[in-house]
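Asker: Chains as they are written, first to last, in our numbering: chain D, 1 to 284; chain R, 1 to 284; chain E, 1 to 284; chain X, 1 to 284.
Just so you know, these hints were derived from the structure itself, not from any lab.
For glycine and all other residues, C-beta sits at the position ideal for the given N, C-alpha and C.
Worth double-checking, as some hints may not be accurate.
If you want a taste of the chain R side facing chain D, the calculated C-beta under 8 Å gives, among others [stated by the list, open to error]:
(1) Cys12
(2) His39
(3) Pro197
(4) Ala198
(5) Arg211
(6) Leu227
(7) Pro231
(8) Val237
(9) His242
(10) Arg243
(11) Thr280
(12) Val281
These are the residues of each chain, in order.
Number of protein chains: 4
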Amino acid sequence: MTSPTATLLISCPDQQGLVAKFANFIYANGGNIIHADQHTDFAAGLFLTRLEWQLTGFNLPQEFIAPAFNAIAQPLNAKWELHFSDTVPRIAIWVSKQDHCLFDLIWRHRAKEFTAEIPLMISNHLQLQEVAEQFGIDYHHVPVNKDNKLEQEAKQLELLQQYKINLVVLAKYMQILSADFIAKFPQVINIHHSFLPAFVGANPYHKAFERGVKIIGATAHYVTSDLDAGPIIEQDVVRVSHRDEVEDLIRKGKDLERVVLARAVRSHLQNRVLVYGNRTVVFE
Amino acid sequence: MTSPTATLLISCPDQQGLVAKFANFIYANGGNIIHADQHTDFAAGLFLTRLEWQLTGFNLPQEFIAPAFNAIAQPLNAKWELHFSDTVPRIAIWVSKQDHCLFDLIWRHRAKEFTAEIPLMISNHLQLQEVAEQFGIDYHHVPVNKDNKLEQEAKQLELLQQYKINLVVLAKYMQILSADFIAKFPQVINIHHSFLPAFVGANPYHKAFERGVKIIGATAHYVTSDLDAGPIIEQDVVRVSHRDEVEDLIRKGKDLERVVLARAVRSHLQNRVLVYGNRTVVFE
Amino acid sequence: MTSPTATLLISCPDQQGLVAKFANFIYANGGNIIHADQHTDFAAGLFLTRLEWQLTGFNLPQEFIAPAFNAIAQPLNAKWELHFSDTVPRIAIWVSKQDHCLFDLIWRHRAKEFTAEIPLMISNHLQLQEVAEQFGIDYHHVPVNKDNKLEQEAKQLELLQQYKINLVVLAKYMQILSADFIAKFPQVINIHHSFLPAFVGANPYHKAFERGVKIIGATAHYVTSDLDAGPIIEQDVVRVSHRDEVEDLIRKGKDLERVVLARAVRSHLQNRVLVYGNRTVVFE
Amino acid sequence: MTSPTATLLISCPDQQGLVAKFANFIYANGGNIIHADQHTDFAAGLFLTRLEWQLTGFNLPQEFIAPAFNAIAQPLNAKWELHFSDTVPRIAIWVSKQDHCLFDLIWRHRAKEFTAEIPLMISNHLQLQEVAEQFGIDYHHVPVNKDNKLEQEAKQLELLQQYKINLVVLAKYMQILSADFIAKFPQVINIHHSFLPAFVGANPYHKAFERGVKIIGATAHYVTSDLDAGPIIEQDVVRVSHRDEVEDLIRKGKDLERVVLARAVRSHLQNRVLVYGNRTVVFE
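Kindly generate the complete structure, drawing on both the sequences and the hints.
Answerer: Structural data, given as structure tokens:
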């Protein structure tokens with residue numbers, strides 16, 4: 001599986017023959033499909049598909065694939081993305097003071113659980129600068145408060161551009177990004193420490209304890225201008241009991257947060273996540 | 001384990017020596033403790049315990065246990081309940097049109113998963129009358145609407161009294177009980193078809209689908225005057241994906257609902273649930 | 001989704017163009033694919049796919065689909081099955097004395113969770129005859145022992161033929177079928193009360209208790225001549241603790257057994273299970 | 001909860017009055033019980049309990065608690081352990097080449113999820129020496145093969161003595177310890193990468209793949225002379241599908257291994273694990 005691959009993520013109004021048309025495009029050009037999955041949302045009348053094929057032996061040069069596919073996609077009113085596995089995406093990890101998601105992402109990166117470069121960390125605090133240095137990641141301290149948010153977001157956007165970042169991972173960043181920021185840089189994954197939509201907003205573990213729930217969760221989602229309401233990529237839960245104090249919920253929750261965030265980042269980087277409306281299809 | 005047992009559920013302000021005092025009461029009277037569990041809520045300053053002992057060989061006659069224990073409990077400001085395993089509780093199952101929780105409870109009752117009598121069913125519909133007859137349970141049709149709610153609740157309370165009911169199980173009853181009803185008959189367990197507090201109110205599966213969650217749940221709780229906000233006894237969840245339509249959520253949810261409700265009813269009937277504030281301790 | 005559908009389950013040596021070829025066959029004949037999923041087992045060099053399309057508007061009459069597809073499949077050395085959703089499969093449920101899986105299957109059948117007819121029950125005991133009668137299912141008592149196994153299996157096979165049975169579900173039948181029986185009637189799903197391959201053979205709950213495991217499971221699998229070693233369709237687990245005696249494991253296990261068996265039967269009946277070697281692909 | 005505590009783990013033949021006797025011992029000496037839990041194994045006729053109380057205000061000096069309790073325990077034929085929370089246990093982590101459990105334990109140690117010192121790492125390889133240095137842990141390379149096992153184990157035992165180690169954690173050590181070693185140093189926790197007793201021995205993920213299971217697991221257990229058969233402390237599982245290759249099982253399994261091992265180590269360090277026969281009670 002070491003041959004580079006191309007991946008198409010397509011959504012278009014449902015109609016007959018879509019599987020055949022898309023598969024033919026790849027087959028006619030000598031491509032070998034190694035993953036094909038599709039889903040029809042009958043209520044929305046939408047056909048959604050992911051096609052991945054090997055580039056070795058594919059007759060179209062990489063730069064011609066997009067225009068060639070566009071000729072097929074346009075008459076179908078299809079929205080689509082094309083990704084190449086040999087283009088390594090670049091991630092910025094944003095943190096605050098907690099290190100569990102950060103350490104976990106760095107460990108998985110070292111273990112090659114996902115392919116990416118992590119050249120940049122941004123934080124409103126200084127606590128994790130040492131970790132960044134330990135692993136050779138540039139660390140930019142951009143403290144944010146009510147008054148300087150606008151200019152600091154400008155600085156953050158500049159950094160993302162300078163480092164050619166494709167994806168921002170909020171690994172317990174604990175700050176709200178403005179709608180304007182999201183409009184300019186929409187590829188942001190956040191980990192929320194509750195089983196959304198339960199306990200939106202701050203202090204979900206305290207709220208969960210107050211409510212006396214028997215299960216807690218964590219949610220990874222794309223960030224939108226609507227707080228904690230973006231498309232959900234992944235969730236998981238763990239059982240708790242009356243014996244668990246708030247600090248136990250926090251401890252157990254950390255294990256959830258890091259694994260849920262990691263799965264979401266990995267699915268995203270493998271181009272397995274297709275967003276439509278406020279929902280995701282995560283192709284497995 | 002066939003010897004009848006007594007069970008004390010106690011909550012009182014925390015202080016030294018409580019375990020010793022309560023255990024001594026049983027030991028001094030010749031009782032053999034077969035289950036003892038306790039929990040301290042340090043934030044609330046409360047000590048909560050469950051003690052179960054065999055009545056065979058216990059020197060106090062059953063009718064003297066309560067007054068004797070009261071002499072110990074009062075100086076400690078303890079709230080307590082005393083239950084005897086040879087007093088079989090009587091359940092009324094309230095249903096609407098759906099039969100999955102009903103069938104499940106009846107099957108578990110036949111399989112002796114819990115000890116109780118089920119002499120009464122109440123419903124606002126006629127669909128499940130046949131099932132009641134099939135299993136020899138009296139079925140009372142008490143149709144409720146906005147206008148007749150008050151008088152129908154009076155009729156329901158009368159039935160509960162007439163049948164000497166100890167516990168009402170809302171097995172998908174789909175109607176809201178008035179605060180007044182709950183004040184008069186507080187022992188009511190409901191199954192809510194969501195992972196509370198997510199998706200309170202009606203149509204939780206539709207809301208869950210809309211929100212695009214990756215996990216759905218069900219919650220069994222005591223009913224209070226505050227809708228869907230009573231003390232939670234048990235919850236469980238199941239993973240869903242983009243492939244699941246609303247009807248799949250409903251189907252998967254049914255499996256959750258019946259098992260979550262059954263576990264809650266069983267814990268309650270075994271006197272393992274201690275409510276304090278809006279929380280429960282479920283002793284295992 | 002009420003239009004009848006056709007479903008192809010195909011496995012064949014992997015090569016380029018398979019998705020396109022199969023999709024074209026359906027598209028060229030005017031079919032609308034509503035579900036397409038595929039999997040490549042790279043180690044085995046096998047391509048495995050499931051295609052389901054609506055028959056309304058499909059230009060080939062039902063009886064010509066198989067020969068037409070065969071013309072495509074043969075040069076590819078493909079093995080395939082063709083199913084029509086308007087052909088309702090017929091199930092025989094085999095039981096011994098325990099009723100939990102039986103009741104569950106009957107309830108799901110009533111709730112239309114799967115489409116099938118259940119005209120026949122076979123048992124080596126008499127205990128569940130009453131349940132069969134209650135739900136209008138023919139009950140045949142075929143007691144089996146070491147000495148009469150051969151002739152009784154002949155009788156069982158005769159019954160399966162007489163009732164035109166497509167699938168045997170061993171809902172806690174607790175008897176071993178001979179290799180000869182399986183050769184003659186291979187479509188048999190069994191529920192094993194352990195997380196296979198742990199605790200093969202008899203009394204798995206006792207063995208699990210002895211071993212002191214913290215989780216127990218159940219496994220639904222196709223029956224082969226190799227005891228408890230057939231292709232696994234579905235498994236699930238539940239957490240246990242030192243507080244659970246053997247009878248608690250049995251009680252908790254029942255909840256697993258019925259849901260695991262039900263999922264396996266449903267997947268099979270929806271033609272979502274493709275067996276190859278000793279493995280299954282369960283298309284979702 | 002910052003006051004130091006004492007913890008008793010007791011197992012003794014079941015008889016009347018044990019809860020009272022043990023609680024009285026603590027109460028009579030002015031102790032405040034903050035955790036008390038017990039379990040009766042009726043089949044074995046054994047009473048098992050864990051009692052934790054605050055030392056502040058306790059009238060017996062620490063060094064007199066053991067002899068004083070012994071006077072109570074001996075007539076009851078009780079086996080017991082006494083632990084003090086202000087005695088910090090010392091751990092040696094043994095590794096081979098894989099770093100996921102190691103990193104996880106180190107991160108949890110830093111995050112104060114458990115209280116211990118980690119002064120020593122032992123490995124038969126050199127790969128993780130750098131990690132040890134990074135976190136200031138002494139690293140001893142003790143390469144083991146068939147011929148030198150005996151003398152190398154002597155060296156390992158010497159190191160354990162020299163570093164005053166209380167607990168050895170085999171964090172993917174991948175070597176079998178001799179019965180002789182275990183006899184001399186019995187406090188060893190291992191993480192096995194399967195849902196024991198399924199897939200004992202080497203290469204469990206390959207075996208799980210071959211068998212086509214739908215769920216994989218990990219098991220933390222005390223090491224005994226009987227390979228992979230020691231008392232189980234904790235297990236957990238994760239769902240897999242036909243899409244998961246062996247390397248996916250390994251990747252998913254790593255997440256299990258680290259969390260299962262961490263939970264077991266934490267329970268052990270909090271003196272919550274009581275071993276009897278080949279079983280554990282894990283008091284929560």
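Asker: Each hint should be assessed against the structure and marked as holding or not.
Answerer: Hint-by-hint comparison with the structure:
1. Cys12: violated (16 Å)
2. His39: Holds, about 6 Å.
3. Pro197: holds (5 Å)
4. Ala198: holds (4 Å)
5. Arg211: This hint holds: Arg211 of chain R lies near chain D, its Cβ roughly 6 Å from the closest one there, short of 8 Å.
6. Leu227: violated (14 Å)
7. Pro231: holds (6 Å)
8. Val237: holds (5 Å)
9. His242: Nearest chain D Cβ about 4 Å off; hint holds.
10. Arg243: holds (6 Å)
11. Thr280: Result: holds, 6 Å to nearest chain D Cβ.
12. Val281: The hint holds - Val281 of chain R has a Cβ within 8 Å of chain D, the shortest such distance being about 4 Å.
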